[in-house]
Amino acid sequence: MAELESLPPDVAALLSRVKKPAPLESGRADALESRLALALAASHALEGSLAAKTLGATAFAKLVAFLTRKATIAIGMLGLGIGTGAVLHAVATPKVSPAEVTSEARVFASAPRAAIEPPVLASPTASVSAAFVPPATAVSTAAPSATKDPASSLAEERALLEMGRSALARGQSADAVAAARKHERTFPRGKLTEEREVLMVQALAASGARDEAKARAARFAQSYPSSIFGPAVRAAASP
Amino acid sequence: MRPPKASDSDAEFRAFFRAHLAYVCESLRRLGVQSRDAEDLAHEVFMAVHRRFDELDRSRPPRPWLFAFALRLASGYRQKARVVRETVGIDSEVATEQPDAEAQLARDGDRRTVYEALAALPIDRRVIFVMHELDERPVPDIARELEIPVQTAYSRLRVAKDEFVAAVRRQAMQQRTREGGIHGRA
Chain A
1 MAELESLPPD
11 VAALLSRVKK
21 PAPLESGRAD
31 ALESRLALAL
41 AASHALEGSL
51 AAKTLGATAF
61 AKLVAFLTRK
71 ATIAIGMLGL
81 GIGTGAVLHA
91 VATPKVSPAE
101 VTSEARVFAS
111 APRAAIEPPV
121 LASPTASVSA
131 AFVPPATAVS
141 TAAPSATKDP
151 ASSLAEERAL
161 LEMGRSALAR
171 GQSADAVAAA
181 RKHERTFPRG
191 KLTEEREVLM
201 VQALAASGAR
211 DEAKARAARF
221 AQSYPSSIFG
231 PAVRAAASP
Chain B
1 MRPPKASDSD
11 AEFRAFFRAH
21 LAYVCESLRR
31 LGVQSRDAED
41 LAHEVFMAVH
51 RRFDELDRSR
61 PPRPWLFAFA
71 LRLASGYRQK
81 ARVVRETVGI
91 DSEVATEQPD
101 AEAQLARDGD
111 RRTVYEALAA
121 LPIDRRVIFV
131 MHELDERPVP
141 DIARELEIPV
151 QTAYSRLRVA
161 KDEFVAAVRR
171 QAMQQRTREG
181 GIHGRA
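Those sequence lines, one after another, are chains A and B.
So in the working numbering the end of the first sequence lands on 239, straight run, no missing numbers.
So in the working numbering the end of the second sequence lands on 186, straight run, no missing numbers.
Don't read these hints as lab results, they were simulated from the structure.
Output of the computed footprint for chain A on chain B, the stretches with three or more beta carbons under 8 Å from beta carbons of chain A:
no.	region
1	12-20
2	29-43
3	109-117
4	155-162
For every residue, glycine included, the Cβ atom is placed at its ideal position computed from N, Cα and C.
From just these sequences and the hints, can you work out the full model?
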């Protein structure tokens, strides 16, 4: 076997100091986990039978029950997931023409178990956004109780929460708290109150306001005992 | 490759996510993803992993499997980033680094040095270097995965090592010049 010259000692030492992955800043794993849960719930809900295959029948049945029970909130929630998803999608979708396929693309294709079809990322996200970009019609029938144009106020709610979520994703927890508080002031009985509280607890915890995060998490558990966000809220508020 | 029981699969995926999130983020950074984008890309990686989770071979170490996902997403990211740089007119990766990176720099100078030096390597050699020198994978395995002859892998790695060392030395020199410019003439 061909022998390789070893690296100079100082460079080898440098590499050995960074071999272990950098630990994530506190709260980041929690934030990412709930974001992932949200995005997965959104894609499962829309993939229908596909979801039943990948998620498992019981979990999917639970999710469907939840979605039908809370159609309005679900739509809002999906909107949130999609907003993020679409942005990421734009960043992450490789636009590779066959001529440009580099060795790294081949790595992936030939990875032992990773049978990857190139548009795998694109298709679910794209179909999701296509289905939900104009949520107005679905919403206006589902939410007759709002005072002004329900579609536009739901869009405002969603925009506020989306702002907060992306701030949190960037680690700007103070901005995330501010967005959640603004939502609370503007829409005290909004349709995305449950989602707002999830964001609020996560943002408060990330910004170091642990007491308020805990108090709100406790209230959340009372108000929404069967929320699918329950675990995420508990995780965010636990020390 | 046996499909996991439906009831277990969510909990298992969560545990898997928790266990490997840091590794995925780190791999993405090594492959040239800016720190502010690493979590977004990691999210995408795990979305893709979730879709393939029933293909996870539990008898093998999971990192090589995950690395392949990171590699693919990072490749798309770099192409996108190049487009952004060309459109916006930002001409170096370092220039797009977030402002609070300087605070990070003091805390994590070693990693910063390594990311910068890695960025100096062309991607095909960088990948081999990362896989071998940081993830400690045997060259023949890497060659098999990249579908290149073992000798090619060795020669790429040899060049990559020289380039990496040169890049580290260059950084140290620039560092000294900068410091000399500020303090040297007192």
